[in-house]
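> These are the residues of each chain, in order.
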Amino acid sequence: MEDLSWEVRANNRLFHRKQRRRSCLCLHRGRYSDNVIRSYKYSALTFLPLSLFEQFQRIANIYFLCIVVLQSIPAISTLPWYTTMIPLLTVLSVRGFKDLADDLARRHSDSQINRQPCDLLTNEGFTSVQWKDVCVGDVLRLHKDQTVPADLLLLTTTEPHSLCYIETSDIDGETNLKIRQALAVTHQELSQVWCEEPNSHLHSFKGVLEWRDMRHLLDTGHILLRGTVLRNTRVAYGLTIYTGLDSKILQNCGQTAVKTTQVERTLNKVVVGIVLLVLLFALLLAVGAGIFEARVAPGIEALAELGGRYTPVYKVFLTFWGYIILLSPSMPMSLYITFELVHVIHSLFIGWDLDLYDGGVDVPAHARSTTLNEELGQVRYLLSDKTGTLTENRLIFRQCCVAGVLYGLLAVSCPPHSSPPLDLSWNPFSCGGLQFSDKRLVDTLRKPGSPDVREFFKALALCHTVMAEWKDGAPVYQAASPDEETLVGAARELGWVFLSRTRDSMTLSELGHRRQYQLLALLDFTSQRRRMSVLGKPGELKLYCKGADIVILERLRKDSTYCESTEKALEVFSQGCLRTLCVAVRSVQEGLWEEWSRALELAAMTTGASDDLYDNMERELTLLGVTAIEDQLQVGVPETIATLRQAGIKVWVLTGDKKETAVNVGFACRLLDPGTRLLQGEELRSGLKTHGRAHECREGHLALTLADILILRARSKRHILYKGWTGNQSKHTTSSTPPPSLQVEFEEQPELGKRFIALSRQCQAVLCCRTTPSQKAGVVQLIRKYTSSITMAIGDGANDVNMIKTAHIGVGLNGLEGGQAVQNADFSLAKFHFLRKLLLVHGRWSYRRISVFLRYFLYKTSSFAFVHVWFAFCNGFSGQPMYETWFITLYTVLYTSFPVQCLLPSLSWQDVSAEGSLRWPSLYQLGVGRQLFNPRLLAGTFLYSIYTSLVLFFLPLSVFCFSAIDFQTFSITVLILQTGYWTMFNVAAIVFSMSMYFLATLILHSPLLHTIAPADFYFLGTRRFLAAWHLTAPSLTGPHSVSNQGTSCIRRHL
Amino acid sequence: MMASGYSAKEEDGHLPGASGAAGSGVAKSKKPDNTAFKQQRLPAWQPILTAGTVLPAFFVIGLIFIPIGIGLYVTSNNIKEFEIDYTGADMSSPCFNCSQSSSWNSTWPCRCSIAFTLDQPFESNVFMYYGLSNFYQNHRRYVKSRDDSQLNGDKSSLKNPSKECEPYRTSDNKPIAPCGAIANSLFNDTLELFYIDPNGTRTQIPLMKKGIAWWTDKHVKFRNPGGTNLNLSTVFQGTAKPVNWHKSVYELDADLENNGFINEDFIVWMRTAALPTFRKLYRIIQKKSNMTPTLPRGNYTLDITYNYPVLSFEGRKRMILSTISWMGGKNPFLGLAYITVGSVCFFLGVVLLIIHHKYGNRNNSADIPN
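In the order they appear, the protein sequences are chains A and B.
For the first sequence, full-length UniProt numbering assigns the number 1 to the initial residue and increments by one for each residue that follows.
For the second sequence, full-length UniProt numbering assigns the number 1 to the initial residue and increments by one for each residue that follows.
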């Protein structure tokens, strides 16, 4: 009880106001926060410091700040302060404005949220207030379809039994309705509630209601979370428990880890490399300056006099810093912001793509993370969920096996149209949609005296969490999982109709007879338990249990019948790619129930660990039967997988299903070819144990079935155990092949994991069966640990969230299983086959464009700066800039980078059209092999920039015409040659950039500016300048174009 | 286009939030627009380098560049240039004595004259340059050592020059005008040219001292304080002459239009050279008539008033006579560069043509790039 320290006094505003949390900087006082949402980051006062602080976390910005500081020291400032200050300010202000705009938008949406109305109980009855005025302890009135403003304790509703229905799609993305019920004692009055401190666990809550010296337990079933929507309930009343930041949903709004891409990491290394290089060059040039000062300068009277005050060593020191300033333009300052912009626009292109738009559900593709685009072009491992991702997750009840008898025909052998549909006219609740054509089942059902079959369908109609909503006189089912919906729907078609449920009862119509069942307990489904049970009282007390076959089969009574025939049926089902669920029943004695329910209550009060108790109850089961549901492959899945395989992407399928089902799906979606050799179980294990390469696996003819990886998390989180690489569950004697389990401890035997990955590299595909969500993530981690390749995880359900978050790129499908996968993903798609265009077209283009863009950027800045190194040899290593200062200032910001030059080619360039990319998937391998942005290529770029700077320096040197303009021409010429894909925007960009240059030159050299500030504007006399350019430009660009064309031409031919 | 695209994204970003707040509002299709820009189907020209395009390009470049190069080269060769070193570093040189004795402090001008012969007559206008080598006029400390405001006629800068001019900022507690190391090291040799007739008479060749500076420099960048009409000696009262100068800035020339800061020799010097070895325009010899060449073939003497010391930094002084053409001064490099580029193009074109002819049919079927 001691952890229930959060005190809520009903309708005692004074008490809570006094303890309202106030914070000033880092000091907090009080404990109850108010209900005002403040998602904005800046206020008028804090905007400047905070925004600057954030921006100066970028190493490049810090670097330039240092340069500006250096430049303000007159002795070493080789360039005037504005050469760095103006670009830096431009970059900072662009970024700052973006942040400001975002923040204003956030403020706007905040105030919209905070001003929503709700009804508050005061002395004069209910009055309408705004959300922000809600305080802990307030009693609120909610109407139908209203959003809950804070975490509330449900007091009472207008529905019978104080039930209310809520939709939680804003919290967990699940669209089905959920039930909440108020305690009976809260209908009238209440005084005080104690609960646990605010936390982020959405699905747990502990509290105690104190009323008239009685303590009533509260759990998550009594709570309405902020953000949920009240449905199907006219009015509900609630007591505010947590407000604002204390509410569960806001406690969940943690900072998500930002994923960075390979290219970005390389880029950061390059930036550090550039800094080191600048230091090195500055040092060498400073040494040169030392020699010059010692040997030459004393002879020249003017120079000797000018530097007379300082010792040569001090002069060398000054020169060193001077060159650091002079070479600083080699650091691509505006790179990051341009990079970001390119990313954003690439993401927009993904959202705009009509080919990635699914008209059926009206969902376009969406890049939720805008920083990962180029990695889409480098994926080597695609880890896919099966259900809902490869398959439709639109389930069809195909077959069942009751009491050892198989009903229904295999889908493959029986196309839907060949046999007449069942005549279900006797059933008033039938809505159609059942694709089941075995008349025997209906006959057996309707015949009196077939208790097994009837019990089976009763179990189907009772054991679920489906909600029934009545529309047009027929129940419409809303279920958290499509399996349940299908099964309950099938039961309805066949006469066992689930009509409605309250908190402690369910109403069925059994072949027309209406019956009410008392509902005693519901042992809910979790992905660990993989089963759910219902304790009901249809006369005698019975437990109906439904779950995955292995879980159920191990809990059967020793003397259960039909085991063999059921297992045979299971095999048949899984060969037909059907999903199976076992249904079982247990008669429970009243005494046992009472004892058990007391224990459960106790456990709920103290620890909340009820799994063991559940386990105790779900035992001694009697098998009723097996259901088989077909899940059809999505459109285009086989083609997509085949294309991706051609593109060099390894496709792994991770599924919770049985091995046989997974293998069958693997064949169906052309992941496995008919001739594929399956390596599994014992074979795989021995292979891993002896040596990874001992298997003479011919590439492409081997599929690896990694069955049953169990990752047991020990107490320390780093301790991961992989258990049992076996073909089937080892513990269960019921399984067909029971090999001994193998415990592999990867932490202790890391080479085993390495070998596994090495082995998998030679395999055509890998299927991992029987995986839990955390195991899926474990597989991704395994790949990330032992390879440096890019992994991509795709899934649609909550069970894929772990995997999606762990992989380099997570893709969520807008599936039927709620939106959790999408909410945690970096990209969201509507269909699996959109992956083909996303990877092969958008990914490839992005990678290509960004690589070329980055390389061009580095090239242009470094070649620009290097010219100064060569010039140093002509001016006595004095740090004299070669270009006019305004040219340096505007070069990166205006002439070459920001407006268009870098952006447009990096946005619209296509080397191969979309159709081409899809037709020749092997083009994708360029990105997988990182062939466009790697250290070798960067070194090449660097050498090329040195060559360029040499040409730039020595050609004008020979022509005797020193003018900065030639560089501009040159860099543009290089761009023109690299573009190779011309749209009207590119032409406009080049024209714009060139004209900007001439315009700026004319303005900056105008007599007017000179008269205003003679020291800063040199005024060169522009006309002669331009004339000189005309002559030298062709001679500069000539050799370059020749070398470029020549090499590409020779490459083509040889 | 970019901007509109970007703002569209911002709206997109807000849409889900807005609709979430307002419940399920009007169902607006989220179907993306089918525009060429958004679908990345902008009409584009994609040059693919094939033998069919590259080979003609090579030949065309070659055929264009070679004639241009030849033209430039011939023009450059037609420009007559004569250069003579008068440093006097050698014992044999007539200026040897002057070079040894000259220093900044020497008050008595040393004179020497060097005889030379022009083998060819110089037609049209002839430009006379002086050249210095090893003089680091592009050194940063040197380049900075000036005050552009002062040179532009700013009166407050005249009395209080910029700190950049140190240590040539003040002399005897008076501000130096013009201040700074560049002005202080003004080239102060006087060169005179005499034509020796075959019969032995010396005729002085008239040298134009105006029109040698850039128009913009002379009329915009450099201005005397207080306009042009005032008496310069009063304007510059209270200032000191640069320490190495023999006379004050307002005594540079008798011509008011060429005196003070707008003296053209001074302006030319103040435009610092980019390389340690450079030449600067000194005088222009105007063409007299169409009949006779400006400088006929024959013997000449160059009379030098030797003031400027260069031996301390192993410098050289030269006098250059040159005619000019439409492409400027003599510059064989440009022409050669064009010719080289053109020939390389042509050569590569031929080589590629051969390669193409021999192996070209091999990969016609494989049209997959890369």
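It should be emphasised that the hints constitute simulated quantities derived from the structure, not laboratory data.
Keep in mind the model is a prediction, meaning the values are calculated, not measured.
Using N, Cα and C, we set each Cβ at its ideal position, and we do this for glycine too.
Wrong hints could be hidden among the right ones.
Okay, the calculated beta carbon distance ranges per label pair [what the hints assert, rightly or not]: (1) A:H108 x B:T35: 48 to 54 Å; (2) B:L207 x A:I62: 57 to 63 Å; (3) B:T234 x A:V69: 54 to 60 Å; (4) B:T201 x A:P74: 43 to 49 Å; (5) A:S93 x B:L207: 54 to 60 Å; (6) A:R761 x B:T35: 42 to 48 Å; (7) A:S93 x B:G211: 45 to 51 Å.
> If a hint holds in the structure, say so; if it does not, say that too.
Verification of the supplied hints:
The hinted window of 48 to 54 Å between H108 of chain A and T35 of chain B is violated, with their beta carbons roughly 29 Å apart. Separation of L207 of chain B from I62 of chain A is about 59 Å and conforms to the stated range, judged on CB atoms against 57 to 63 Å. At roughly 46 Å, the beta carbons of T234 of chain B and V69 of chain A sit outside the given window of 54 to 60 Å. For the pair T201 of chain B and P74 of chain A, the supplied restraint of 43 to 49 Å is violated, since their beta-carbon distance comes to about 59 Å.
In this structure, S93 of chain A and L207 of chain B meet the distance hint of 54 to 60 Å, their C-beta atoms being roughly 56 Å apart. For R761 of chain A and T35 of chain B, the Cβ-Cβ distance of about 43 Å falls inside the hinted range of 42 to 48 Å, so the restraint holds. Restraint check, S93 of chain A to G211 of chain B: a C-beta distance of roughly 48 Å satisfies the suggested window 45 to 51 Å.
Consistency note: the structure conflicts with the earlier hints numbered 1, 3 and 4.
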